[in-house]
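One point on numbering: in the UniProt record's numbering, the residue at position 42 of the first sequence is 42, and numbering is uninterrupted.
Check each hint, because a few of them may be wrong.
Unchecked claim - Within a straight-line C-alpha distance of at most 16 Å, the following computed EDC-like cross-link-like pairs (lysine to aspartate or glutamate) qualify: (1) K158 to E175; (2) K99 to D78; (3) K158 to D115; (4) K216 to E170; (5) K89 to D68; (6) K31 to D269; (7) K158 to E148; (8) K41 to D68; (9) K41 to E284; (10) K99 to E84; (11) K89 to E52; (12) K216 to D206; (13) K89 to D69; (14) K41 to D69; (15) K158 to D207; (16) K99 to E52; (17) K41 to D288; (18) K158 to D206; (19) K31 to D277; (20) K158 to E128; (21) K285 to D244; (22) K285 to E251; (23) K99 to E77; (24) K99 to D68.
Claimed, not checked - Estimated spans, in silico, between C-beta atoms of each pair: (25) P144 to M181: 21 to 31 Å; (26) L176 to D115: 40 to 50 Å; (27) V154 to R233: 19 to 29 Å; (28) G90 to R233: 15 to 25 Å; (29) A42 to A247: 18 to 28 Å; (30) A155 to D104: 33 to 43 Å; (31) L224 to R49: 32 to 42 Å.
FYI, nobody ran anything at the bench for these hints, they're computed from the structure. Backbone N, C-alpha and C fix where the C-beta goes; we use that ideal spot for every residue, glycine too.
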Amino acid sequence: MGGVRAPDPLLPITGRNGSVRRGKNGARHMKIASFNINGIKARGPALVRWLESAQPDLAVLQEIKSTDDTFPRALIEDLGYNLETHGQKGFNGVAIVSKLPLEDVTRGLPGDDSDPQARWIEATVSTEQGALRVVGLYLPNGNPVELEGDGTPVAGGKYAYKLAWMARMEARLRELLALEMPLAVMGDYNIIPQTEDAARPDAWRDDALFRLPSRKAYRRILNLGFTEAFRARTQGGGHYSFWDYQAGAFERNDGIRIDHILLNAYAADLLQDCRIDSDVRAGEKPSDHVPIWAELAL
DNA sequence: ATGGTTGGCATCCAA
Numbered sequence: 001m002g003g004v005r006a007p008d009p010l011l012p013i014t015g016r017n018g019s020v021r022r023g024k025n026g027a028r029h030m031k032i033a034s035f036n037i038n039g040i041k042a043r044g045p046a047l048v049r050w051l052e053s054a055q056p057d058l059a060v061l062q063e064i065k066s067t068d069d070t071f072p073r074a075l076i077e078d079l080g081y082n083l084e085t086h087g088q089k090g091f092n093g094v095a096i097v098s099k100l101p102l103e104d105v106t107r108g109l110p111g112d113d114s115d116p117q118a119r120w121i122e123a124t125v126s127t128e129q130g131a132l133r134v135v136g137l138y139l140p141n142g143n144p145v146e147l148e149g150d151g152t153p154v155a156g157g158k159y160a161y162k163l164a165w166m167a168r169m170e171a172r173l174r175e176l177l178a179l180e181m182p183l184a185v186m187g188d189y190n191i192i193p194q195t196e197d198a199a200r201p202d203a204w205r206d207d208a209l210f211r212l213p214s215r216k217a218y219r220r221i222l223n224l225g226f227t228e229a230f231r232a233r234t235q236g237g238g239h240y241s242f243w244d245y246q247a248g249a250f251e252r253n254d255g256i257r258i259d260h261i262l263l264n265a266y267a268a269d270l271l272q273d274c275r276i277d278s279d280v281r282a283g284e285k286p287s288d289h290v291p292i293w294a295e296l297a298l
């Protein structure tokens with residue numbers, strides 16, 4: 001009898017106010033989200049539909065596949081959102097949309113000035129209750145995996161680029177963590193963290209999204225002190241954020257969970273909820289990804 | 001084992 005029982009680390013956490021929602025008890029919460037839209041030119045209607053129904057206060061977008069000057073800004077701004085883009089022609093490209101002003105915007109992942117790929121954007125938003133630094137990222141896919149005979153990635157190959165990019169990411173995150181303020185790092189990580197994050201893990205075993213070196217690099221980043229918001233709220237398998245367009249993958253729920261929201265300790269203390277909007281995939285002309293969102297007491 | 005789908009841009013590459 002008696003003795004102190006350690007809390008079960010797998011129990012979903014609840015906010016300090018229990019399960020307070022937006023607007024209740026005078027608490028103002030911020031809804032932040034990430035959505036790989038797979039091309040703004042093709043996704044305008046679906047993106048607008050989701051922004052209008054989900055009403056995120058801030059969302060990071062990936063694969064806008066557009067330059068900054070060809071992005072259809074009015075789509076976003078007409079809904080009352082501010083917009084900052086970091087685009088390139090044809091591929092990649094990230095953006096932040098926000099109802100609050102976006103301050104101290106930076107573009108590009110530091111660490112390699114010769115890297116032309118647009119995959120990283122940062123901004124700060126402030127409420128009466130405090131400020132939040134936000135990173136929007138599109139982590140390299142890394143396929144095909146090309147290895148030397150000894151198993152090291154072929155220099156100049158896509159897999160080597162992925163691992164080098166993650167090392168640069170880790171270095172930048174160390175700098176951001178030193179700011180000692182709430183930080184949310186979210187986007188398309190192109191990483192399947194665990195076996196339960198794929199419907200058919202065996203099919204991904206040697207893929208750049210799941211092979212051990214990729215997951216180790218992701219663990220290294222998590223172990224800097226981040227909380228993975230979705231896993232802090234929901235355990236078990238069957239929750240995915242991406243389904244291939246081919247072979248009816250969505251209908252069979254043959255998906256993977258690769259879009260993530262990582263929170264530093266200051267932000268994790270504010271976490272109220274985190275969900276994946278899988279219904280979005282059932283809409284007209286959907287992206288192959290769906291949005292993930294978190295609610296913060298901020 | 002193969003082909004299956006989508007987006008952007010150019011007649012193929014990335015996913």
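Verification of the hints:
no.: 1; hint: K158 to E175; result: 26 Å, violated
no.: 2; hint: K99 to D78; result: 11 Å, holds
no.: 3; hint: K158 to D115; result: 13 Å, holds
no.: 4; hint: K216 to E170; result: 12 Å, holds
no.: 5; hint: K89 to D68; result: 9 Å, holds
no.: 6; hint: K31 to D269; result: 15 Å, holds
no.: 7; hint: K158 to E148; result: 13 Å, holds
no.: 8; hint: K41 to D68; result: 13 Å, holds
no.: 9; hint: K41 to E284; result: 15 Å, holds
no.: 10; hint: K99 to E84; result: 12 Å, holds
no.: 11; hint: K89 to E52; result: 27 Å, violated
no.: 12; hint: K216 to D206; result: 14 Å, holds
no.: 13; hint: K89 to D69; result: 10 Å, holds
no.: 14; hint: K41 to D69; result: 13 Å, holds
no.: 15; hint: K158 to D207; result: 12 Å, holds
no.: 16; hint: K99 to E52; result: 12 Å, holds
no.: 17; hint: K41 to D288; result: 15 Å, holds
no.: 18; hint: K158 to D206; result: 14 Å, holds
no.: 19; hint: K31 to D277; result: 13 Å, holds
no.: 20; hint: K158 to E128; result: 44 Å, violated
no.: 21; hint: K285 to D244; result: 14 Å, holds
no.: 22; hint: K285 to E251; result: 15 Å, holds
no.: 23; hint: K99 to E77; result: 10 Å, holds
no.: 24; hint: K99 to D68; result: 19 Å, violated
no.: 25; hint: P144 to M181: 21 to 31 Å; result: 39 Å, violated
no.: 26; hint: L176 to D115: 40 to 50 Å; result: 19 Å, violated
no.: 27; hint: V154 to R233: 19 to 29 Å; result: 39 Å, violated
no.: 28; hint: G90 to R233: 15 to 25 Å; result: 36 Å, violated
no.: 29; hint: A42 to A247: 18 to 28 Å; result: 21 Å, holds
no.: 30; hint: A155 to D104: 33 to 43 Å; result: 35 Å, holds
no.: 31; hint: L224 to R49: 32 to 42 Å; result: 36 Å, holds
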